[in-house]
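Now that you have both chains on their own, put them together as the hints suggest.
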Amino acid sequence: MSGPIKKFNKRLLIGILVIIISTIYLITLSLDAASAIYMTPSELISSSTKPEERVRLGGMVQPGSILQQSDNKLEIEFTVEENDSRVLVEYIGATPDIFGDNAIVFVEGYYSNEIFSADTLLTRHPDTMEPLSQEIIDSDSNDSY
Amino acid sequence: MISFTDFGYIFLASSLVIAVYASIASLVSVRSKNAYLRTHALVSMYLIALLMVLAASVLVYSFINQDFGLRYVTMHSNTSMPLYYTIAAFYSGQEGSLLYWSTTLSILTAITLFIYRNANYKIIGYSTTILAVVFIFFVYVLVFHANPFERLPMDMPDGQGLNPLLRDPGMLVHPPLLLAGYMSWTLPFAFGIAGLLSNDIGIRWIQLIRKPTLVAWGLQTGGLVLGGWWAYHVLGWGGYWGWDPVENVAFLPWLTGTAFLHSIMVVERRKKLQLWSISLLIATFSLSIFGTFIVRSGILSSVHNFAESDVGHYFLAFFATSLAASISLVIIKSKSLTDVTTFESATARESGFLINNIIFVSIAFATFWGTIYPMISEALGNQRITVGAPFYEKVNGPLFLILLFLMGIGPLLNWSNTNRKILLQKLQIPISVFTICLLIGIGFSGDIVLSLGFSACSFVFTTIVYEYFTGAKIRTRTSSENYFHAVSSLLKVDRRKYGGYLVHLSVVILAIGIIGSSGLQTHKEINMPINSTTTIGEYTLEYTGSATIEKADHTILASQIVVSRDNRASTREMLPQTIYYDNFETQPTSRVAIIPFMKEDLYIFQSGVDANSATFAIFINPLVNLVWVGSSLMIVALMIIFWPASDKRKYETDSRSS
Chain C
1 MSGPIKKFNK RLLIGILVII ISTIYLITLS LDAASAIYMT PSELISSSTK PEERVRLGGM
61 VQPGSILQQS DNKLEIEFTV EENDSRVLVE YIGATPDIFG DNAIVFVEGY YSNEIFSADT
121 LLTRHPDTME PLSQEIIDSD SNDSY
Chain D
146 MISFTDFGYI FLASSLVIAV YASIASLVSV RSKNAYLRTH ALVSMYLIAL LMVLAASVLV
206 YSFINQDFGL RYVTMHSNTS MPLYYTIAAF YSGQEGSLLY WSTTLSILTA ITLFIYRNAN
266 YKIIGYSTTI LAVVFIFFVY VLVFHANPFE RLPMDMPDGQ GLNPLLRDPG MLVHPPLLLA
326 GYMSWTLPFA FGIAGLLSND IGIRWIQLIR KPTLVAWGLQ TGGLVLGGWW AYHVLGWGGY
386 WGWDPVENVA FLPWLTGTAF LHSIMVVERR KKLQLWSISL LIATFSLSIF GTFIVRSGIL
446 SSVHNFAESD VGHYFLAFFA TSLAASISLV IIKSKSLTDV TTFESATARE SGFLINNIIF
506 VSIAFATFWG TIYPMISEAL GNQRITVGAP FYEKVNGPLF LILLFLMGIG PLLNWSNTNR
566 KILLQKLQIP ISVFTICLLI GIGFSGDIVL SLGFSACSFV FTTIVYEYFT GAKIRTRTSS
626 ENYFHAVSSL LKVDRRKYGG YLVHLSVVIL AIGIIGSSGL QTHKEINMPI NSTTTIGEYT
686 LEYTGSATIE KADHTILASQ IVVSRDNRAS TREMLPQTIY YDNFETQPTS RVAIIPFMKE
746 DLYIFQSGVD ANSATFAIFI NPLVNLVWVG SSLMIVALMI IFWPASDKRK YETDSRSS
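Those protein sequence lines, which keep their order, are chains C and D. Per this note's numbering, the very first residue in the first sequence carries number 1; after that it's consecutive. Per this note's numbering, the very first residue in the second sequence carries number 146; after that it's consecutive.
Treat the hints as calculated values from the structure; they're not laboratory data. Any given hint could be a false lead.
Unchecked claim - Keeping only pairs whose Cα atoms sit at most 20 Å apart, straight-line, the calculated EDC-like set for lysine to aspartate or glutamate is:
{"hint": "1", "chain 1": "C", "residue 1": "K50", "chain 2": "C", "residue 2": "D101"}
{"hint": "2", "chain 1": "C", "residue 1": "K73", "chain 2": "D", "residue 2": "E670"}
{"hint": "3", "chain 1": "D", "residue 1": "K356", "chain 2": "D", "residue 2": "D345"}
{"hint": "4", "chain 1": "D", "residue 1": "K744", "chain 2": "D", "residue 2": "D727"}
{"hint": "5", "chain 1": "D", "residue 1": "K539", "chain 2": "D", "residue 2": "D345"}
{"hint": "6", "chain 1": "D", "residue 1": "K267", "chain 2": "D", "residue 2": "D345"}
{"hint": "7", "chain 1": "C", "residue 1": "K50", "chain 2": "C", "residue 2": "E114"}
{"hint": "8", "chain 1": "D", "residue 1": "K642", "chain 2": "D", "residue 2": "E612"}
{"hint": "9", "chain 1": "D", "residue 1": "K669", "chain 2": "C", "residue 2": "D84"}
{"hint": "10", "chain 1": "D", "residue 1": "K669", "chain 2": "C", "residue 2": "D119"}
{"hint": "11", "chain 1": "D", "residue 1": "K696", "chain 2": "D", "residue 2": "E413"}
{"hint": "12", "chain 1": "D", "residue 1": "K539", "chain 2": "D", "residue 2": "E612"}
{"hint": "13", "chain 1": "D", "residue 1": "K478", "chain 2": "D", "residue 2": "E413"}
{"hint": "14", "chain 1": "D", "residue 1": "K566", "chain 2": "D", "residue 2": "E538"}
{"hint": "15", "chain 1": "D", "residue 1": "K618", "chain 2": "D", "residue 2": "D592"}
{"hint": "16", "chain 1": "D", "residue 1": "K669", "chain 2": "D", "residue 2": "D698"}
{"hint": "17", "chain 1": "C", "residue 1": "K73", "chain 2": "D", "residue 2": "E687"}
{"hint": "18", "chain 1": "D", "residue 1": "K642", "chain 2": "D", "residue 2": "D389"}
{"hint": "19", "chain 1": "D", "residue 1": "K744", "chain 2": "D", "residue 2": "D698"}
{"hint": "20", "chain 1": "C", "residue 1": "K50", "chain 2": "C", "residue 2": "E108"}
{"hint": "21", "chain 1": "D", "residue 1": "K539", "chain 2": "C", "residue 2": "D32"}
{"hint": "22", "chain 1": "C", "residue 1": "K73", "chain 2": "D", "residue 2": "D755"}
{"hint": "23", "chain 1": "D", "residue 1": "K356", "chain 2": "D", "residue 2": "E413"}
{"hint": "24", "chain 1": "D", "residue 1": "K669", "chain 2": "C", "residue 2": "E114"}
{"hint": "25", "chain 1": "C", "residue 1": "K10", "chain 2": "D", "residue 2": "E489"}
{"hint": "26", "chain 1": "D", "residue 1": "K669", "chain 2": "C", "residue 2": "D71"}
Only chain D is shown next, with the shape it has when bound in the complex (with noise of 0.2 Å):
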């Protein structure tokens, strides 16, 4: 007898089937110009998205619907969970996630391949072809190896409910966000490989990768940002970047992602770096299965649990064959593209670009390398090693403020070449703003690191607020604005430029936040009897007791802290709180209490309570507020420069900056 649940699976074996047609077609299409093919691959593509649509709505359904006869629902959700949490289970697992994988980035395909329908042909054949290939892969593992719609023998009364570390708002956002930016990478990478292909690497096939690539580049930065808010709420020691190998292979793609994102500027401009360009895409897309692998197999925790994973197998299988078959494309390719690779001055603007994509390079193969050689160093037969973060602290730490340096210095040069006089000519206000911070700094702290830091900030920040100053000046003398106004339409007449300073005026307020907070942090571990007081900075805080509250799942042991700021009458209330969830007794989770005031953050973390004393970890982090501010303000940022312009307008921005 057929159930609800395995229509599920027949849509997605439907869909498997439909994507080897519509990837054929495609390619066949592209060969022989046949253009009832090319419509044939196309609605393919949307029905795909459909069947898709349908296959995670039946997954959803049956989690709403408690079908505890689903051994993956029965395995993530029971009934006392509450509705948003029941539905965030979906990808709480491996075939969820899976599922949510191929979902998305089915309807990512549809929606684009819809765009871009009328546009160069052979491009978008190709693309299809390609974003075909790679959704069969996921299929595949998806009805042979990890089929979300597997049915138990008999029905279970009750599930087993979810994971207690996902049972936070921001695990409602974080890893589908973090999933989607992996999964995006792929329509750029699809695109890059038609582009090959094609051998039409120029202005049309940039106007095609262009918005492509912001929505990966945004969606994997939104999945950043929400990875370290959930772990510097839920974890509870005080950071939220651990360089851990699951948060590395997340930023992998993002480093080589971030490159590519200038690199293509560089192509754009100047016809330059074309096949670097195209080595970054296949780079990001690599590193974006490999982080989805790495999520899913647990592989970097023990070297034998990978052995045992067999949908690792596939994924590393999938992985080293892209990967293979992408680089021969790139040498083969190397011959007929006519890449010009000429870089006669220093100071030229694409050279800047040329530096800023070997820096993010650089810390990429850093982070990398630190995260894999564990691996390496085992499988060579030598003692096991693990990397902590001290590594990459140190190693990408000055890479990334030379980054920052270049990111004031970068905007100011021109294309080809640059008046040294006018560059130093601009440059004398943001050095001398430079070096007083600096010697303010260090005349104040006497830490050189922190004060460098610090500087390279207010430097970059005074060469943007020229630039806009400059910008913003001339219109004032061209147009009748005032400089409100001509600010404001700085950015509407060309938003690529100043659009482009917005995201990197968010950098700068996200880096002095993360060296503010990771430089400046200050913290105490302590046991305190109950009434108790003690002191951290220019806070008293005193402890005055712990309760257990029963609830429907789950049992909070919360202890109460008042909280008195030195010159303050008022007083203000923690409690951090440990909860423990039925199913999962010995894994508690932490609710880290966390005070905002403006100027750092007072974060408690409750580590042990007995009769008459409880243990905390107690932390000040100076400016964590900016790191949240700086990343929100980045993918503002990103929306307004996403923000479609009218064509007209988009056509003389394009014409004048070039």
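Isolated chain C (complex conformation) (with noise of 0.2 Å):
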């Protein structure tokens, strides 16, 4: 693509393929640590999940089902829902705003004996700027903001 290649120094042809092989393995090298898999409660139950698998589950907060500890408010408990499957979580730490019942959630931990333990918890995140109750008055677009 960039025409005939007449005289190119050895040094920077060396130190442009460093860069670049570089980057490839800092993207292979990194890109299995920094990854979740994603799954929905109902994919969650169904599979063989490792608890040293890194999760990232996603799902609704089932109404009524947050459950703060008394002594540790930050320690929380609740259920993320799918339809029927359910999956129970425990999260430490501040919650934020969108956080409660009905909450689309997302939610990044490990799994194990029937409870997620999560360390993140992030709602729907605001990437859209169109409202969620969009589908209530607009139901015949069906753009899924």
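Structure follows, in structure tokens:
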């Protein structure tokens, strides 16, 4: 694409190759370490996820399921549901604004003994500018914001 | 019966028809050298800008007039919103932001074409066609698939109101600036393709493309910075950049665009990297379209949304077509353009720029890959994967560090070849400063990565100051100016060089802020009973209670925290808040409380409040001020470069530094 290569300094060429190769190496090295498998409650229950596998679980908070420990209010328990599948989630920490009954949440952590220990809790990220309630008055449009 | 808002639609539809005419007329005028058609095409583009401004005004007027018979107005505003949010609601939805995009494009196009109307007729002619085609796509979507002037079957008594997350002063400027940044890359792209089509990628072409590129880069930079500022003040997780997909796609065109900004200097001085630079422009434009599409379609949060959004399909089709057409053109032209790709010395300035470009593109590639990997993985039938922030930090962190070092060395290199002895001599002081900082850093903190980052900043800072110093020294010798005067006249005489250094200096300040606030942050999450205290860093915080305040269309839940600092008698009060807007009760938004001390921010996010206690996330963000200072200076420095110099002086500068 860049026309005829007449003369190219060897050290420069090596430098460029080193940058490209190390970028690709860094990408492959970090991709697995920094990624999580995304699952819904039903998929998680029926899967054979190992306790050391990092999982991102997405679903809705079952109304009335949020329990706060009385001695340490940062420790909470709640159920993430999707249709009829439910997973009990433990989480310690401050919760985001939109967290509450029926909120759409994404938790990341590890699943064992039917309990999901989450270390991050995100509610549906504000990555769209449309209000969620668009669906209510906008039944003919099918953009699922 | 035609209602007032129907005129908005009529303006849109007529601008579409005129744009089709302009695109053909301009193309024919280049081929046939028909000056009459050429004037037609240019006047059409001015007319389109006028029509688009009128269409946009109709929508703005409908918002101000609270016309709840218009679907878009009903969706995004209500009677109790203050006027500035009502106007901001204009670009808060899909239809409005597309209208905003095409209106700003038509205005920028008209201004640019007017300024350059007598420049090279081929380049301007082809550019007009390309700009008109891009415009046609956006207005086609507006007219046929996302009409902001669609009326409801009947008038509503009141509207829905603006999404709570957008009700923030930052939101008045961030989305329009970011969208304008995406949009404005269309101009350099059009000039780039036009240069290819007319086999003219030389000095004349560079003079045309330079300012539109700076405008696009400035808008994009501003949009990114304000996005970070908004996230920092509203989202409440203590940071300003989270490598979220939507942030990433906004960052991508900035990366390739910044690479282009550097590579055209090689085109200008050495006539190298011509096709490479055009390819960067194509990438930047495509990524801008991709970004607009991602922001508007929600494809990245789930692949399933995508199948349901029809506007998304058009974007994808446009993205693919324009990319395929541009790449084919580059391949066709690669033979006829005599691109001299000779890099004989590793320490020549052009080689420095080449490495700079390779790193920028590598960062862009890694960011792009991390962003789309979940989609690819799912499309291949594998498990759905999410890629987190640590991925980007691990891959991009080292690349940015190399880039930082390069920023210190690059400007010291000469075109075509650098005398190594002189180079080493120039680097003596910076390397000493770097080594001292590194040793002190490691000695004090033991943290090698952080110390390396800060010392890299000190290295670049020293080289820039050194460059200014030597430049000023020469001036004090040749003219009777004192040092202070000499520094300012350096800026006047060689604005591009020394203005560029100012941008670099701002980047160093920004880098110190980023390294400090991400590497030295401390935070704790705590539930505090009323009248209890907690300490973090040198601050003691006492929670004294919470209260609710009723407002016209929202309720505020605020907590009071009294902050005292070690060894200081005075106390400060902080009021982290949660706001519940009517119609959006399930979507409360936060107002984070921040005290910006000189060296760090104390940052409190209110997570929950009950009868006798409240939960907070408390952060100390060191040096975060420098993030805002550095990025503001960057824009100021850009304006200094942009400010028109007298032609005579420009010529002097060009001939001297080449």
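Each hint, compared with the structure:
{"no.": "1", "hint": "C:K50 x C:D101", "verdict": "violated, 29 Å"}
{"no.": "2", "hint": "C:K73 x D:E670", "verdict": "holds, 11 Å"}
{"no.": "3", "hint": "D:K356 x D:D345", "verdict": "holds, 18 Å"}
{"no.": "4", "hint": "D:K744 x D:D727", "verdict": "violated, 39 Å"}
{"no.": "5", "hint": "D:K539 x D:D345", "verdict": "violated, 41 Å"}
{"no.": "6", "hint": "D:K267 x D:D345", "verdict": "holds, 9 Å"}
{"no.": "7", "hint": "C:K50 x C:E114", "verdict": "holds, 12 Å"}
{"no.": "8", "hint": "D:K642 x D:E612", "verdict": "holds, 10 Å"}
{"no.": "9", "hint": "D:K669 x C:D84", "verdict": "violated, 36 Å"}
{"no.": "10", "hint": "D:K669 x C:D119", "verdict": "holds, 14 Å"}
{"no.": "11", "hint": "D:K696 x D:E413", "verdict": "violated, 59 Å"}
{"no.": "12", "hint": "D:K539 x D:E612", "verdict": "violated, 32 Å"}
{"no.": "13", "hint": "D:K478 x D:E413", "verdict": "holds, 19 Å"}
{"no.": "14", "hint": "D:K566 x D:E538", "verdict": "violated, 36 Å"}
{"no.": "15", "hint": "D:K618 x D:D592", "verdict": "violated, 38 Å"}
{"no.": "16", "hint": "D:K669 x D:D698", "verdict": "violated, 33 Å"}
{"no.": "17", "hint": "C:K73 x D:E687", "verdict": "holds, 18 Å"}
{"no.": "18", "hint": "D:K642 x D:D389", "verdict": "violated, 35 Å"}
{"no.": "19", "hint": "D:K744 x D:D698", "verdict": "violated, 38 Å"}
{"no.": "20", "hint": "C:K50 x C:E108", "verdict": "holds, 14 Å"}
{"no.": "21", "hint": "D:K539 x C:D32", "verdict": "holds, 12 Å"}
{"no.": "22", "hint": "C:K73 x D:D755", "verdict": "holds, 10 Å"}
{"no.": "23", "hint": "D:K356 x D:E413", "verdict": "holds, 14 Å"}
{"no.": "24", "hint": "D:K669 x C:E114", "verdict": "violated, 29 Å"}
{"no.": "25", "hint": "C:K10 x D:E489", "verdict": "holds, 9 Å"}
{"no.": "26", "hint": "D:K669 x C:D71", "verdict": "holds, 18 Å"}
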